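> So you can see what is in the structure, the chains are spelled out below.
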Amino acid sequence: MSEKYENINFDKLTPEKNPEWFNEDGSRKAICEVKESRTDNLKVLSPTTLVLKRFFRSKLSIVGLVILITLFAFSFLGPLFSPWSETETDKTEGKGSYRQQEFTFEVNGESYTVYDVTYDTLSQNIYGPIDSRHWLGTDHLGMDIFTRLMYGGQVSLTLGFVVVTLQTALGVLLGGLAGYFGGWVDNLIMRIVDIFMCVPTLPILLIASALIQSWDIPGRAQIYYLMVMLTFLGWSGMARLVRGQILSLREQEYMVAAEASGLSVSRKIWKHLVPNILPQLIVSMTLGLGGIILTEATMSYLGLGVPMPYAAWGSMINKANDSEILSRYPNMWIPAGVLIVLAVLAFNFVGDGLRDAFDPRMKR
Amino acid sequence: MWKYIAKRLLLSVFILLGVSVIIYTLVRLMPTNYIDTKFDAQLKQGTVKPADVTRVKELYGLFIPDGRINLRFDKEAKDVFGKSKFTQGLDYENWYDRQQRLAKNDVDSSWFEGEYKNDMISLKLTKGSKYQVLEYFMVYRNAKQFEIYADEGGAYFITEDAGSKLFKVYLTELGDHELLLQDGYVYYLDGGQVKIGEEITDYGINVPAKRNEISGYDATFLYAMTELPNILSYGSYVYSDQNGVLVLIDDDGVQFATTKLTYGALNGLEKLGCIIQGYFTWLGNFIQGDLGESFLYSQPVADVIQKDMWISFSISIVALILQFVIAIPLGIISATHQYSAMDYTVTVLAMMGIALPSFFLGKLLIAVFAKGLGWFPVDGWSTPILPVDASGWTIFWDHAYHAILPITVLVILSIGGLMRYTRTNMLEVLNADYIRTARAKGLSENTVIYKHAFKNTMIPLVTILAGTLPGLFGGAMITEQVFSIPGIGNKAYKALNAGDVPFIMGYNMFLAVLAVIGVLTSDLMYMVVDPRVKISK
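Line order of the protein sequences matches chains A and B.
For the first sequence, numbering that gives the first Met the number 0 assigns the number 0 to the initial residue and increments by one for each residue that follows.
For the second sequence, numbering that gives the first Met the number 0 assigns the number 0 to the initial residue and increments by one for each residue that follows.
Take the hints with a grain of salt, since some may be wrong.
As the list claims (entries may be wrong) - Here are some chain B residues pointing at chain A (derived, C-beta under 7 Å):
1. 17
2. 25
3. 28
4. 366
5. 369
6. 370
7. 372
8. 476
9. 510
10. 511
Stated by the list, open to error - Some chain A residues flagged as far from chain B (calculated, every beta-carbon gap over 10 Å):
11. 51
12. 53
13. 68
14. 141
15. 176
16. 193
17. 255
18. 264
19. 273
To be clear, the hints were calculated from the coordinates, so they are not data collected in a lab.
These figures come from a predicted structure and were not determined experimentally.
For each residue, glycine too, the CB sits at the ideal point set by N, CA and C.
Using the sequences plus the hints, can you model the full thing?
In structure tokens form, the structure reads like this:
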């Protein structure tokens, strides 16, 4: 109540003394002064906005997001600005090797020192140093490492996204079937999931990629087969997650209500179940991406990913198997490793952030 | 309780069967000639015995019970024979008839007629003979040998009398053609004109590769094939050399056709039959504990696994203990000081561990601590120049010294996951009602955390431990490869590269068994540790 009315004793007001307070019929006037409505200050926040707000509250999520955006720009936009292409060899003269020998001998009591300087130049700029033309030097074939990192990133990121999408699609389909229909469908699908859970992933992937290599598939096309293999071996976790979610959601009251109001099956699934699983799916997709990138890197490290003239982060680290490169040319393999770590880390940060943001219990 | 365990065991057997089907199918999908190329070099080096290759093929179901072998000819073969004619060449009945007749000097066949008279051959080509592609006949008469070929361009003629030369005879019309051999030339009558046969110097086929010179691991195998009925018996002998090239050779060692040979060209149903049969043979052996013999290590697979898994286990168990010892306190601190600087630091470090690829971390540690600072050996499992009479302790410390870097890698990689798991669990427990009760009772914070909360946090951790233990025998493939540790993981990696099929199959099944045991023990452990879990099924 504003100050204007503070000193008024409303009980002592009479129509005779204070006619301004009374109506003509003797009843008191209502005090109704609307300064500003409370609802004017309220902003209606949609669930998405709430999630985004919570997501951006976490510093780690923002860091992850920034890293991811940088990595994407680096991999997909970087090549446009790079003067080198993925498999282009720098044909200019290399730094070569520089040797200096010193001979000292005496003639007639005078000491002479002869310097023998040999300077070999290479026809190609291999093992080139870090300079303005090659920001991270060149590798053993004279190819620009910085540019190859970009193309390697394209492989890793594209593969990660495609595989995770395929895995989720398969997982949602089978897990959804199992969870929604239950009974023998559930039993059958879950036993298959059990089997896939016990398949040793890495050795099987190695067999699979040996298989792919034996088919004589040219260059980059091998990656598509690799994607199929990774999907085939990795969908089971997603299926299990979706099934569990659907099983628990099915028992919720609102699903009972949906059932009771006679909604169609597709409406129940698409309007009631899917939106409720979506947060979980997005989180596990983001977290899964890191794992897939690691697997891809491991495969290319073992020489079973993208074949050699093409770049992949893993196969760049593979060069460190040469002990000369390992100790003398860290610029050839360390950047690739750092990028892998950054990519996986960023996906994990974002995934964690999303999980916390989606979870309403995480209010702080 | 026992009913539940029995049910779980049954389920485990089912899972193992499923896994074995997947593994078997994948290994079977590897094409056979791929296996052949894999073994080629090893056969030459003598590291693989032919018997082993036979075993691989057995695994692939190449030998069919009734002894029939199907050969697939690739495109090259079609170029040599022409598709339709080639099938005719396979027509055993016709060939057999003709061979019989040729043997009886009865040269009257449906395709060609010839007569030898005083250095002269009269050749009667009947309709159709002109179109035989590279049909090959040998005529013996009076101890003299004549060979006649015919294709669409004409007849080819070769004889000892004509200086073993090959002549091309152009026949413009069907009917009787007189051929005359004189002074090493072939004269013939065609269309009422005497023509001289054109000498052909470029045979287009490799002459004379002696039969015994063509050797290869499959020579005997394919030789035996010719004796089986219903099999390609074109000419006299069939050989295959190292490159899988099938060579058809006549008695004199003249090689007259080569083609590439690949195995396993059965029709779909037969193929499926072989695969299924092969699977059950393999499964039978597996159940009896026979995993076959590794080609690469020339030892039974089970022996190799048994011997090498202990190296892997010793490294992994130390890593596991360290991992638990480090991760659990960190997780608890991080949970009790949620959102503090400490929590953030620990979380970020743990995440870094999760994000590090094992090979990169391994290389990094080697580059810094082994190559750079020289504190640790670069790789290997023992010092090569250890004295012969070194005591057990010396050897032990040597191994331990070599194992430090690999163990570091394993610990750093897995610490993150465990720490985060502990943290989440601890947070959940700290929010539980009984913790509030404990606090309400006025217990000290330490008692609350370490007596009430910690014990309950341990429940899932103990089940994780139980589930991880069996997997330790499986080895860490990449880490062992990076550090050249002769554990089971490294052995398996080498076997995979060498195409050591029995070992791959055996190792994968071994891993699957370990995984199944892991799941089983962790579930049973959960029941034992947590009395709240009741067996409802």
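> Against each hint, give a clear statement of whether it holds in the structure.
Hints versus structure:
1. Checking residue 17 of chain B against chain A: minimum C-beta separation of about 3 Å stays under 7 Å; hint holds.
2. Here the hint on residue 25 of chain B is kept, as its CB sits about 5 Å from the closest CB of chain A, short of 7 Å.
3. With its C-beta approaching chain A no nearer than about 6 Å, residue 28 of chain B sits inside the 7 Å limit, and its interface hint holds.
4. Here the hint on residue 366 of chain B is kept, as its CB sits about 5 Å from the closest CB of chain A, short of 7 Å.
5. The criterion of a C-beta within 7 Å of any C-beta in chain A is not met by residue 369 of chain B, whose closest approach is roughly 9 Å, and the hint is violated.
6. Evaluation of the residue 370 of chain B hint against chain A yields a held restraint, the C-beta minimum of about 4 Å falling below 7 Å.
7. Because the closest C-beta pair between residue 372 of chain B and chain A is about 11 Å apart, greater than 7 Å, the hint is violated.
8. With its C-beta approaching chain A no nearer than about 6 Å, residue 476 of chain B sits inside the 7 Å limit, and its interface hint holds.
9. Nearest Cβ of chain A to the Cβ of residue 510 of chain B: about 4 Å, under the 7 Å cut. The hint holds.
10. Here the hint on residue 511 of chain B is kept, as its CB sits about 5 Å from the closest CB of chain A, short of 7 Å.
11. Look at residue 51 of chain A: its CB is around 20 Å from the nearest CB on chain B, clear of 10 Å, so calling it non-interface holds up.
12. Distance check for residue 53 of chain A against chain B: the nearest CB is about 14 Å away, which clears 10 Å, and the non-interface claim stands.
13. Residue 68 of chain A, annotated as away from the interface, keeps every beta carbon of chain B farther than 10 Å; the closest lies near 18 Å.
14. Consistency note on residue 141 of chain A: stated as away from chain B, and its beta-carbon is indeed over 10 Å from all of that chain's, at 22 Å minimum.
15. Annotated as non-interface, residue 176 of chain A keeps its C-beta farther than 10 Å from every C-beta of chain B; the closest such distance is 18 Å.
16. Remark: the non-interface label on residue 193 of chain A conflicts with the geometry, its nearest Cβ contact in chain B lying 5 Å away (cut-off 10 Å).
17. Listed as a non-interface residue, residue 255 of chain A keeps its Cβ farther than 10 Å from every Cβ of chain B; the least gap is roughly 23 Å.
18. The beta carbon of residue 264 of chain A is kept farther than 10 Å from every beta carbon of chain B, the shortest such distance being approximately 29 Å.
19. With a least beta-carbon separation of about 26 Å from chain B, residue 273 of chain A lies farther than 10 Å from that chain, consistent with its non-interface assignment.
Hints 5, 7 and 16, counting from the list given before, are not met by this structure.
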